[in-house]
Amino acid sequence: MSGVRGRRALIAATLATLLPLAACSGGSGSGGAEGTGGDQAARKSGSQTFGELPAESGTPKDGGTIDIAQQPGAGPYYMLPIVPGAFNSTYVTYQFQRLMYRPLYWFPEGASPKVNPALSLAEPPEFSDGNKTVTIKLKPGYSWSDGSPVEAGDVVFFIDLLKAALRKNAANWGGYTPGQFPDNVTSAKATSADTVTLKLEEAYNPEWFTADELTSVVPLPAKQWARASAGGPILDASEPKNAEAIYTFLDKASRDPAGFATNPLWQTVNGPYRLSAFDVTTNFYAMSANEAYSGPQKPRIKTLNFRPFTSETAKFNQLLSGNLTMATVDQGHVGQVKALKAAGYHVYGAPRLGFNFIMLNFKDTTDNVDKILGQRYVRQALQHLIDQPGYIASKGMYNGAAAESYGTAPASSPYAPKNVATAPYPYDPAAARKLLEDHGWKVVPNGATTCERPGTGPSECGEGIPQGQTIRFNLFYRSEPQLHSAVSTAFSSEARKLGIEIAVAPKTFSFLIQNYNVPAAPSKAGEWAMSTWGGFSTTPYPTMTGTFDSKGSGNVGAYNDPETDELIRASVHGEDRQAVQAEMERLRTELPVLWLPTAHTIWAWKDTLSGPQETFAALPTTVLTPEYWYLR
Amino acid sequence: MIQFVLRRLATSAIVVLGVSVITFIMLHGMSGSPGRAILGVQASAEAVAAFDREHGYDRSLFVQYFTYLGRLLEGDLGYSYKLNQSVNALLAENAGRTAMLAGVALVLAIAIAVPLGVFQAVKRNSIGDNVLTTLTFIAYSMPVFLLAMLLIQVFALGLGVLPAQASQSSSTFVIFTEPRAMLLPVLTLTGITVALYSRYQRSAALDQLAQDYIRVARAKGLSMRLVLTRHLLRNACLPLVTLIGMTIPLLLAGNLVVESVFNYPGLGLLFFNALNNQDYPVLLGYTLVAATLTVLGNLLADLLVAVSDPRTQRA
Chain A
350 MSGVRGRRAL IAATLATLLP LAACSGGSGS GGAEGTGGDQ AARKSGSQTF GELPAESGTP
410 KDGGTIDIAQ QPGAGPYYML PIVPGAFNST YVTYQFQRLM YRPLYWFPEG ASPKVNPALS
470 LAEPPEFSDG NKTVTIKLKP GYSWSDGSPV EAGDVVFFID LLKAALRKNA ANWGGYTPGQ
530 FPDNVTSAKA TSADTVTLKL EEAYNPEWFT ADELTSVVPL PAKQWARASA GGPILDASEP
590 KNAEAIYTFL DKASRDPAGF ATNPLWQTVN GPYRLSAFDV TTNFYAMSAN EAYSGPQKPR
650 IKTLNFRPFT SETAKFNQLL SGNLTMATVD QGHVGQVKAL KAAGYHVYGA PRLGFNFIML
710 NFKDTTDNVD KILGQRYVRQ ALQHLIDQPG YIASKGMYNG AAAESYGTAP ASSPYAPKNV
770 ATAPYPYDPA AARKLLEDHG WKVVPNGATT CERPGTGPSE CGEGIPQGQT IRFNLFYRSE
830 PQLHSAVSTA FSSEARKLGI EIAVAPKTFS FLIQNYNVPA APSKAGEWAM STWGGFSTTP
890 YPTMTGTFDS KGSGNVGAYN DPETDELIRA SVHGEDRQAV QAEMERLRTE LPVLWLPTAH
950 TIWAWKDTLS GPQETFAALP TTVLTPEYWY LR
Chain B
2 MIQFVLRRLA TSAIVVLGVS VITFIMLHGM SGSPGRAILG VQASAEAVAA FDREHGYDRS
62 LFVQYFTYLG RLLEGDLGYS YKLNQSVNAL LAENAGRTAM LAGVALVLAI AIAVPLGVFQ
122 AVKRNSIGDN VLTTLTFIAY SMPVFLLAML LIQVFALGLG VLPAQASQSS STFVIFTEPR
182 AMLLPVLTLT GITVALYSRY QRSAALDQLA QDYIRVARAK GLSMRLVLTR HLLRNACLPL
242 VTLIGMTIPL LLAGNLVVES VFNYPGLGLL FFNALNNQDY PVLLGYTLVA ATLTVLGNLL
302 ADLLVAVSDP RTQRA
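Order-wise, the sequence lines are chains A and B. Taking the numbering used here, the leading residue of the first sequence gets 350, the next gets one more, and so forth. Taking the numbering used here, the leading residue of the second sequence gets 2, the next gets one more, and so forth.
Treat each hint with caution, since some may be false.
As the list claims (entries may be wrong) - Some, not all, of what chain A presents toward chain B, calculated at C-beta under 10 Å:
| hint | residue |
| --- | --- |
| 1 | Pro855 |
| 2 | Trp882 |
| 3 | Thr896 |
| 4 | Ser899 |
| 5 | Lys900 |
| 6 | Gln962 |
Stated by the list, open to error - Covered by chain B, per the in silico footprint, the following chain A stretches (three or more residues, Cβ under 8 Å):
| hint | segment |
| --- | --- |
| 7 | 474 to 480 |
| 8 | 659 to 666 |
| 9 | 805 to 812 |
Bear in mind the hints are in silico, worked out from the structure with no lab data behind them. In this text the structure is predicted, and so the values were computed from the model without any measurement. By construction, the Cβ of each residue, glycine as well, lies at the ideal position given by its N, Cα and C atoms.
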């Protein structure tokens, strides 16, 4: 009897425990499903944006505080706007330093990743002497928070300091590419209080030099900072020895996070905000409005609190609780967007400035991988097996939050050709099969496709590919997030149907970039045929110099195409300001990599926060312009 | 006893040194170029080489280890090149918060699990025992993150009676100053730990209840309460003491999940982020501290057992 009672009690207890769990999981599950269904209109497969931008509303008014979520693990750990590679990220440069120290040339302009003349500190640069001399005229009226004007000397001070930093160590500036800025500047002089003249080593394309090089220049307060010690005399930074001493002093102050908000050095700013608090333990920081800001829009919101987060889950829970004014929404929470909207948030996303891909290794001689990948028709066939619209729609992959992309910049880039979001080789396994068969391969679905007609003729397999050759690759994908596994497996599965063997295996991101990265580890070139870890960020003028030119120091897959080299050279050194379009078109069709969709960077902000639409359109580039925002 | 303590201390020191060697070799051996990991895939080869040179990664592993050991003997755990702070400072900033969270959860877990386990043993196969067994099995088999998410879903997002995140104060004593904000993280860690401890406690108490000395005590006319508190409890707690020592690293690992879900930066998260960022000095420092804590925890457990049962000193 007691046994029966015991069993009943056991069942009752089990049910009592499981019911709330079931209720919780049911609630969350249905919420997610509703969210997915409810946002279909906002997330058409391949749409260039995620949702719509709300119109500006309410009457602008001054005051208030907003809470912005930091990206987990991406706190700002460096103050001086010459950020060493180890601390460099868009969060540090765009969301932290830019609020305090304005760059000479600002980008983006709304959703368009191009130079924004209205927010730039200088008039558009003038190029002369066959594009070997650049004259920069600063706009009148910009001043530092202590009242002194932003002058040409402040621009030259930045360049002197940057050169000093790089003389000490090439890793001292995250934006450094040997041979480019500032190596290519032979002299930088303040020819008057508001004019800087740069002499360049060789002629450069004005568009490239402006959008990719001059956007890195951040005028620094020379009259305050050109010292080798606190309270020391102002030194002439054009003397390399002085510049090194000044850099050492400022770098040391930048390596003291406890002093970020209290060191008087960092209180001299020319941006709309200044740092008012920094908690070393939690990485919380706050910024207060710079009442002396001299830019086009004085800040309306008085305090920005940047809240640190330990995980995307913690951040999303705070959003749902209504405790954050704005935050990014990661791919893992896209299915719950409807719940966010119900909680009073606007949600909007767009592709970041960059591109995603499966990297191809043209130096892998294992089983003639280099010969096979060297054939353009093989790369075309492989691209035909990638179902970008399907991947974007799949709930296990992008869940609607990505855009089709077949080039090195998103469609929002003013430099991108109009067809950048149009597949040059759309998903079409039959077309892939035909390509292989037309070039002498005997396709054996789910078996081993082999070369039947070796040779270099138009209907033969191609140079170096012997008769009987099979097509076998390995593909290493980043072990997290799960997206990479899903994409790699789908691609491999499609290939298998054409008798192409793609063996997929996970690796950590760190392992991939340290070992399967030709410039870093050439000895490992024979170990990998393909890899995918995410993608590259690009600059506003999206040339692939250094990445896809045959001698590029970052040419991971050792891609080699003389015509691409020529086009890249024209992008960087030519006269045509739109030269990069031809380069992008060549890369789009030549396939130095296999193109994958570009995920949307999604932001959510409370509907009580408003401002000009274009300031919110810029969010996916991670650039913030909170001086334009107000609380309704 | 002194000889026993000295012997255990010497063994502990060797274990910690061994952990440092193995961790150092594993971390550095698997990495082709820390500079590449730190500076990212788009950094130039020159920048990567300069970084590796500056931090000594271009030298042999042997030289690197002994340089590290030399600094270690001076109390310098290195400098985080991601967080721009010394590892000593980072550990000091985070250790107090983690210790406080884990400590409070541990004390609560012991306070609940010991009487719970004894109660279940005494009331073996009763309704109460079965219900508690079911509940503890569910909690024991539940991943920490799931329990945390359920608590957030119910108490923060559903009922709205507790905050979804832990206190954001950097104070070590935040549990006492903002108990409401710390309730869910403490509850999560305590829940998981109680489930583990109470099972062991029940089993140990059952073993003791079957011993002759308990029967003798009962036959002498001692009340059950006195038998339990004076005779059974001390002996039944011995396995738990060992278990608690061994649980310290588990608690640290559990903290990682709790810290991550409840937005409470502490040691666990420091380690996790360092792992993602390949921040070797932090990884080494944390591993060394965790190893030392584990060894000390075991040492303490051994000492407590030795005091409780002097026969073990001869083992």
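Status of each hint after checking the structure:
1. Pro855: violated (15 Å)
2. Trp882: holds (7 Å)
3. Thr896: holds (8 Å)
4. Ser899: violated (15 Å)
5. Lys900: violated (12 Å)
6. Gln962: violated (31 Å)
7. 474 to 480: violated (count 0)
8. 659 to 666: Three-residue rule met by the segment 659 to 666 of chain A, so holds; n is 6.
9. 805 to 812: Not satisfied, violated; 0 residues make the cut.
In summary, the numbered hints that this structure violates are 1, 4, 5, 6, 7 and 9.
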